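**Student:** Take a look at the letters that make up each chain.
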Amino acid sequence: MKTILRSRLLWLMLPALVIAAVGPWWLSAYYLGVLTMAYYFGVFAMSWDLLFGYAGMVNFGPTFLIGLGAYGAALLDTYAGAPIVVCLIFGGLMSIIGGILLALPALKLRGAYFGLVTLVAVLLLRYFIVIFSGFTGGEIGMMVPDILSIDTATNYEYALWFMAASALILVIISRSSLGLILEATGQDPIAAAALGFNVAKHRLAAFCISALFSGLAGGMMVFYSGTASVGTVIDISIGVQIIIAAVVGGRRTILGAMIGSIVILLADELLRPLGQLNIFVVSGICLAVIIVFPGGLLGLMHRQREGA
Amino acid sequence: MEGSHVMAKNVLEVEHLQKRFGGLVAVKDIGFTLKAGEILGLIGPNGSGKSTVMKMVMGIEKPNAGRVVLDGTDIAGWPTAKIAHQGIGLVFQHSRPLHRQTVLENIKLALLPDSLLRLVADPSHDERARAIADRVGLGGVLDRLPSTLPFADLRRIEMAKALAREPKVVLVDEPFAGLTPREVADFSALIHGFREEGRAVLLVDHNVKSVAALVDRALAMYLGEEIASGTAEEVTRNETVRKVYMGGEIAAHPRPDLVQTSGSPLMQVKDLSVRYGKAQALEGVTLDVREGEFVSVVGLNGAGKSTLFNAISGLLPKSGEVVWDGAPTTGRSVAQIARGGIVQCPETRELFGYMSVRENLDLGGAHLEEAERTAQLESLLELFPRLRDRAKQAANTLSGGEQQMLAIARALMMKPRLLILDEPTLGLAPVILDQLSQALHRLRDTTGITVLLGEQNVTFALPHSDRIYVLQHGHIVWEGKPDAFGAEMGDQYL
Amino acid sequence: MTAIQILIDGFVISALYGLGAIGFTLIFGVTGVLNLAHGGIMVIAALVGWDAANRFSLDPYGAAALGVLAGLIAAYVTYFVVIRPIQRSKRIPADETEIFILTATLLWGVMIQEGMAYLFSDNPVTMRPLLPGVVHILGDRTPVNELMIGVLCWVVIGLLWLVVYRTRFGKPLLAASENPRALGLLGFEMSNIHLFSWTIYGILTGVAGVLLASFLGVSSASAGGLTASAFSIVVLGGLGSVWGSLIAAYVVGYMETITAYVISPQLRPIPALIVLVLVVYLRPQGILGRR
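Protein chains in written order, with numbering that gives the first Met the number 0: chain G, 0 to 307; chain Y, 0 to 493; chain P, 0 to 290.
Bound conformation, chain G alone (with noise of 0.2 Å):
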């Protein structure tokens, strides 16, 4: 605990946070908007480097587990009218029970393996949903008969603080006896068995909490758009922003995630002005960062600091 208190970057983020969260009076709705969803993003981003940066799994699918987040709460909301924050948990549930069937066979698999099936996962779920599209919208999505607000300030607060909440749970899990533990088996599974660490209950556990994050960050999307579709939380392209978000922000540091998200989004509203070619122009120039600085944003800043 006395090493999160010591974490510099963690006192740099309150600032922050503080500047965002006083966000609604200084921000047109238009912008506040695209923050929301670039705080959802946020969340993925962070649980895929746990994954990824901790644990050392490469998650092709990220959307698997948002996409089970997403549809198990607006199904349940759909079709029991639940209250929200059941949805939600239920979501989170579904997320977590539909990445413990894929990961327990897939722990043992390594690098592009796994990444494969969990890419296969996104696949195959996505059509099922399309399949049943009576019972789930299809393509088309579903709409959920509840929403968070319909104020976009109270919105953008909402997605602001779940997010701050999630990050800082997030980076006390990345910074506890479980996160070294897991950055041990990460680096080297053998070495960490040796040292008496049942590698695979760790990974299992990695993958347990980044399904719960996905899952519940995918359900609260769903009540802050009024849907859920395939287009907005499975699609492999969400996915591939994810894990670009994360990369380009700084991977192993979690909070890297949460700033390439917010990063990448903002860059693609502003670009948006170049019309289709935004997304061209945003991708090339993640492409740069991560050929020139690989350590992402947050390395950037590191070295800096460092130089100075």
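Some clues are possibly wrong.
[As the list claims (entries may be wrong)] So the derived list for chain G, only partly shown, Cβ under 10 Å to chain Y, looks like this:
1. Gly178
2. Ala191
3. His201
4. Arg251
[To be verified] Computed far set for chain P versus chain G, every beta-carbon distance over 10 Å:
5. Pro59
6. Leu68
7. Leu129
8. Val134
9. Ile286
Simulated from the structure, these hints should not be mistaken for laboratory data. Bear in mind that the values here come from a model prediction, so they are computed numbers and not experimental data. Backbone N, C-alpha and C fix where the C-beta goes; we use that ideal spot for every residue, glycine too.
Use these hints to put chains Y and P onto chain G, whose structure you have.
**Tutor:** Just chains Y and P, lined up with the frame of chain G:
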């Protein structure tokens, strides 16, 4: 039971351990016992199976047969983590600490219970970690990051991590690799400390020499089998061990007619140093090879022979210089160096296993003109007739001896001006050694080729050599004519 | 007759899948790169070929040739701009090169997809058939073009086999997939071998893209799906094994075609994906993988 001696009872009993990798039997039938407070050296050259035995004890490899009994419980085939809890610890040769954590945090990691629910470490851990750090000599660098520490300290971290679990049995992989003599003394004292605390210690190393002063008993392995056991001195004197390491009687057959000792050398190695990360593998090596000469670099496994050759071939970053035919090779690619005439036949042979013998040879001769290639191929098939019979066979279906011949022939297809032969006798039966020896002799006498041979087996190297260098711990410690070797170096070598 | 239709359609689809996947597996085998922009390169070849045909009113063959050329150029750009800087970077730790190449090619794939959508919109386009007309095979109406595509795929695969197994340029490629280190010691420049592999890769992938556009049609949005299917087929067959990839392509191709005809076109990819997951769990080295 059978272990009921008057002395302390056995902590670890290993019986009839066996391991196969596909068709290859890596460990045939190994057994040994360890008492509390005892140090056993498990030695053997590269590929003898000693590391596999160590991994099986730790559960990193699953044995195909046999028992590993720790304090009365058979733990053979258990998962590694469970074996660690049962009381075995392993000090890895290659240290991979967590780079973003301090030394103290790295040690604390090893103290953590295997539990998901403890987010905050027990406060007592801090004190224990500091105590352990003091014991292994890390007390002064607790808050440093591993990347800022010298190599020996990184190894101390590994020691500390293994100790944190209070293991009954400690396995140490190559305890002294890459350490300076002074550090070797420190580490020896540390390992002695384990004994005093009543731990059983298994040291795994290439040769008896480095662990002789430390071990109560030693067990020597070769080709997956035990070849000798007893005190370090008994093992050193053992006939079979001497044969395996040196090839038996040391005898020199110098070429009387040769050698123009004058003239500029074909290759000069000047003050060459190589580091693997922080470990110093070679330091200030200087040697030269003249046109037509057959020079041997002898030394035990781990002395740095392959490192030297790989640095010459441009495979490793180095400091110092290699001057080839009057010009430094600095900045040339591996392929350029090879095409320039320095051709290495590596210890690991590096054959294209799924390709035929003929295809392997053709790839070696790919840079020659058609007619030249055919002629060279013909002359090599004369030299190694077996390869002619096996021309269409896939390389990985050949016997060990045939593979070695193919590797040499493939290197010779490049028509090298200097052939670097790294450890050609590795893992070969004595009969094959004779054939190989004859082939080398014919090569030396008929082609006037220049050869730089790296060998642990001195008896194999000596008869061919015009000049010998002895490499120990990354340093050249002796240089001279083969007939002087027996008198000046013979006793100190093993 | 459905059975005949399944037989023919399955054959052609599988051949196309095979051709698409061979390049992917070749470049992985020889250079160790999993190129997640693979589908993007196919799309570039297809769209440039289609556009050239319209713009310069070329005959189908000329257009196809231009398309393949575009695929080749795209492959070179992938290698020189995206992959080589990462492989040579001193700041990226060696054991993380793989994830960096995956992320970078992923990004590059997105750039290609978006760039193509900008230039050519994301409407699916179909290239004019190389050969017009239909034939009747056992009562089944089959476009000549479809047969032609199936045959062309196999001709290209045959040519590749000839180059790799029967020429002095090809042998080092095979050798590099087994043991690149030894190849260096035998005087082969790895950079030349990599360049040669990327050349072959570009041509193969370009041809696959152009033929796909002529048979099924392609849009800029197809890029991701094409990469995923090549990746799946290659893992199913065993990473780095060319023959494994061909077998896997036929397994997947026929399974999809049968599902589409017999059960429902909607379920087309599902059985193959499930088989893939099972294979990865039970036999991670794939059908013909060596490890």
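**Student:** What are the numbers of the hints that this structure violates, sorted from low to high?
**Tutor:** none
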